[in-house]
Amino acid sequence: MGDVTRIIITRLGLGLLTLLVISVLIFGAVELLPGDIAQAVLGQGATEENLRALRTELGLDRSAPVRYFDWLSGAIVGDFGVSLLTQSSVTDTIAPRFANTLFLAAYAAVIAVPVAIILGIIVALLRNTLFDRVANVATLTSISSPEFFLGYILILYFSVKTGMFPAIAKLSDDLTFIELLERTFLPALTMVLVVVAHMMRMTRAAIINLLASPYIEMARLKGTPAWKVIARHALPNAWAPIINVVALNLAYLITGVVLVEVVFVYPGIGQLLVDAVTKRDFPVVQACCLIFAATFILLNLAADVGSILTNPRLRHPK
Amino acid sequence: MNYFVIVYYALLIGGSCLAAYFKRREIFLALFSLTLASFVMGIVGGQDALWAVSIAAGLLALAAGTAYAFREFLVIISGTETAKALRTAPLTASFGMFVIFTYAVLGIFAPVIAPFGEGEVISQSFAPADENMLLGADQLGRDLFSRIVYGARNTVGLALVATMIAFVIGVLLGMIAAVKGGWFDQLMGRIIDVVMSIPGLIFALLLLSIFGTNLIILVIIIGLIYAPRVFRLTRAVAGNVVVMDYIEAASLRGEGMWYLIRREILPNSTAPLIAEFGLEFCFVFLLVAGLSFLGLGIQPPTADWGSMVRENATLISFGEITPLIPAAAIALLTVAVNFVVDWMLFRSSGLKE
Numbered sequence: 001m002g003d004v005t006r007i008i009i010t011r012l013g014l015g016l017l018t019l020l021v022i023s024v025l026i027f028g029a030v031e032l033l034p035g036d037i038a039q040a041v042l043g044q045g046a047t048e049e050n051l052r053a054l055r056t057e058l059g060l061d062r063s064a065p066v067r068y069f070d071w072l073s074g075a076i077v078g079d080f081g082v083s084l085l086t087q088s089s090v091t092d093t094i095a096p097r098f099a100n101t102l103f104l105a106a107y108a109a110v111i112a113v114p115v116a117i118i119l120g121i122i123v124a125l126l127r128n129t130l131f132d133r134v135a136n137v138a139t140l141t142s143i144s145s146p147e148f149f150l151g152y153i154l155i156l157y158f159s160v161k162t163g164m165f166p167a168i169a170k171l172s173d174d175l176t177f178i179e180l181l182e183r184t185f186l187p188a189l190t191m192v193l194v195v196v197a198h199m200m201r202m203t204r205a206a207i208i209n210l211l212a213s214p215y216i217e218m219a220r221l222k223g224t225p226a227w228k229v230i231a232r233h234a235l236p237n238a239w240a241p242i243i244n245v246v247a248l249n250l251a252y253l254i255t256g257v258v259l260v261e262v263v264f265v266y267p268g269i270g271q272l273l274v275d276a277v278t279k280r281d282f283p284v285v286q287a288c289c290l291i292f293a294a295t296f297i298l299l300n301l302a303a304d305v306g307s308i309l310t311n312p313r314l315r316h317p318k
Numbered sequence: 319m320n321y322f323v324i325v326y327y328a329l330l331i332g333g334s335c336l337a338a339y340f341k342r343r344e345i346f347l348a349l350f351s352l353t354l355a356s357f358v359m360g361i362v363g364g365q366d367a368l369w370a371v372s373i374a375a376g377l378l379a380l381a382a383g384t385a386y387a388f389r390e391f392l393v394i395i396s397g398t399e400t401a402k403a404l405r406t407a408p409l410t411a412s413f414g415m416f417v418i419f420t421y422a423v424l425g426i427f428a429p430v431i432a433p434f435g436e437g438e439v440i441s442q443s444f445a446p447a448d449e450n451m452l453l454g455a456d457q458l459g460r461d462l463f464s465r466i467v468y469g470a471r472n473t474v475g476l477a478l479v480a481t482m483i484a485f486v487i488g489v490l491l492g493m494i495a496a497v498k499g500g501w502f503d504q505l506m507g508r509i510i511d512v513v514m515s516i517p518g519l520i521f522a523l524l525l526l527s528i529f530g531t532n533l534i535i536l537v538i539i540i541g542l543i544y545a546p547r548v549f550r551l552t553r554a555v556a557g558n559v560v561v562m563d564y565i566e567a568a569s570l571r572g573e574g575m576w577y578l579i580r581r582e583i584l585p586n587s588t589a590p591l592i593a594e595f596g597l598e599f600c601f602v603f604l605l606v607a608g609l610s611f612l613g614l615g616i617q618p619p620t621a622d623w624g625s626m627v628r629e630n631a632t633l634i635s636f637g638e639i640t641p642l643i644p645a646a647a648i649a650l651l652t653v654a655v656n657f658v659v660d661w662m663l664f665r666s667s668g669l670k671e
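So the sequence lines, in the order shown, correspond to chains L and Y.
Reading the first sequence from the start, the letters are residues 1 to 318 in my numbering.
Reading the second sequence from the start, the letters are residues 319 to 671 in my numbering.
Pulled out of the complex, with its shape left as it was, chain L reads as follows:
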């Protein structure tokens, strides 16, 4: 196991390093602002006095590296500073919304992952048949559609025409779990449609790749029944690519969530980010970007570690 542990620790270290570099990027990007934050907030007509006052208040009179380490050490313990607009703590604004976003992503993932993997394996087994071709066109169409297109189609048919589900995902504290699932069904379904298509295509490619390998042919030639070929020979080697596919697509969910939240007016972190960008509320933008990037890197790391752990060649070194 020594080899595997070392590889995993290296990967984790690299991931952490990447995150650090990204935090520098996110912080440094705001420093690139023409003028500075105080100028951007107060506008061109601001008097020198007001500017100076705001600069002292925001701590802009200190050098950039000092402020960076201040910001970073705050971010590590979950303190992202104060919003420029509302003067309230960024963390307090983000925390409940981040929970909502995670809930939505988890909801979508719970539906999408099993469906996509099962369909992907079926399509791979039926490759080059009419069913496969139809599935190919259907998934391609779903991938190519912008999330807001799928979202509005679902609103039109499931909400406006039939009234089965609410079009706007309004959340409140007194909802039961079932009501919550119903309220958030359409946004979750939108993400499911996109992610299932991606995942199916990737699973299909991975499985077909695998089925072309010589040991599968050998198993077939010696007369092993088809289900046993899949269960005993293909599946143990398929875990790595499948875990990769799942983690990559969950990472994709994180980005897709921004547009979906805006379409369904869902109180999540994506909508907060878009609002903050429009209003140029930099502490909120920085915090949201850092959280998104961290989640993205974490999931990619999980993909790496998962595929290492499930790789029989790495687990049983010669």
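Worth flagging that the hints you see were computed from the coordinates, not collected in a lab.
Each statement offered as a hint is correct.
Quick list of simulated restraints, FRET-style, between CB atoms:
no. : chain 1 : residue 1 : chain 2 : residue 2 : range
1   : L       : Val115    : Y       : Ala355    : 18 to 26 Å
2   : Y       : Val423    : L       : Asp173    : 51 to 59 Å
3   : Y       : Met359    : L       : Thr129    : 17 to 25 Å
To be clear about the criterion: a stretch of chain L counts as covered by chain Y if any three or more of its residues have a C-beta under 8 Å from a C-beta of chain Y, and this derived list gives those stretches:
no. : region
4   : 19-27
5   : 141-150
6   : 155-168
7   : 280-291
Treat the numbers as computed from the prediction; the structure is a model and nothing was measured.
For each residue, glycine too, the CB sits at the ideal point set by N, CA and C.
Following the hints, position chain Y against chain L.
Structure of chain Y alone, referenced to chain L:
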């Protein structure tokens, strides 16, 4: 039972029988399972459901017919070499080419095709369609059809320019990294790793919040965000070419780096690069549309598909589908490009074996 239902089932069952007789197993299976499914749909959804199926089938047939005719047309007007390749193109690919061709015509001749200007207010807000306005008016009383036509020029044009920027930067750096190797290659690889570990949309939002939503800045930002993906592919493709004997021969001859890139590596990696251009275009196009939808991309009054969806979204709650047309236009073009790219990838992988 009325005539429509009788004709519907007669056609389906007759078609299945013919397919079975001519031993076309897949067509038979598809038609007959559609027949069986229609029984259920007919009972649950009534005649409307059957109408929907027939309309969908008719549209599909129309698309297939157009694609077939367009492919024949292309085969006839092109030279022998291209014609040979085109003849093997699947219908999906030629359908994609047809759609791209249509969009190109729309974009180039937009002022001629559109009955009104893109910012021209001609009626009341959300006025319904009449003989003047094909699709009705938008939230300010501008002709929706004209704006969709102009959108083909603005949205697609912007995405094309951004893709080209990404491509020039990515291909150039990728080629240099492959030829030079060493520290430059390593450094570029690490930088690209970091940039690619930030989700594209999030990165774009961060940069837009800082630099504001200016068209030129938007194009450059998107180009920079997608350049790393092009770099990765170019580096991989060129890496395979660089180890060839003829490259070694050329460098022993004393040829410089630019000669190697221009005359030896680039001609030998065009096929995957063209396919990658199509794929990149899809990503960039969806990102542009997404940003415009969020109100952070192309700014009004310039007609743009993403922002048109957002502006007219209120109509959806009245059961209107007009706001979905620009969104469908985005989806259709992306699907079309993907179809063509699929075929090209298949061809380039088939030729290698």
